[in-house]
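Work out the full structure, taking the sequences as your base and the hints as a guide.
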Amino acid sequence: IESIKSTVRAGHGYSFLPYFTIKKDLFTKELKEIELNGVDLATSFSMVWKKEMGSTEVEQNFINFIKTEGVKAFC
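Note that this note's numbering has the sequence shown beginning at 4, numbered continuously upward.
Just so you know, these hints were derived from the structure itself, not from any lab.
Ideal Cβ placement from N, Cα and C applies to all residues, glycine included.
One thing to keep in mind: the hints can contain errors.
Claimed, not checked - Listed next, the in silico BS3-like pairs over lysine-lysine satisfying Cα-Cα at most 27 Å (straight line): (1) K8 with K35; (2) K27 with K8; (3) K27 with K70; (4) K8 with K32; (5) K26 with K53; (6) K32 with K53.
To be verified - Derived DEER-like restraints, expressed as beta-carbon distance ranges: (7) N64 with G41: 14 to 24 Å; (8) F23 with E60: 28 to 38 Å; (9) L29 with S6: 15 to 25 Å; (10) M56 with S6: 17 to 27 Å; (11) E62 with E33: 28 to 38 Å; (12) V42 with I7: 31 to 41 Å; (13) E38 with N64: 17 to 27 Å; (14) K70 with P21: 11 to 21 Å; (15) S58 with I7: 15 to 25 Å; (16) T31 with E72: 24 to 34 Å; (17) I4 with K54: 31 to 41 Å.
In structure tokens, the structure reads:
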């Protein structure tokens, strides 16, 4: 999980991680969380990326897909 978080912090993408693994990173504002409404799983998931990074149009389209269709596609 640390290598995944390091990759996200370096600005190389996004990840789905259990909340308890990113709680400190969210508190220190190293990572930013996207809440996934309507996801009914045994654990909570957040999509994170490096706070200072903007997102390209392609990345924003992916985020929008995950927020809308992702629930249907993954759950």
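Checklist entry - Hint numbers the structure violates, sorted upward? => result The structure breaks hints 11, 12 and 17; every other hint is satisfied.
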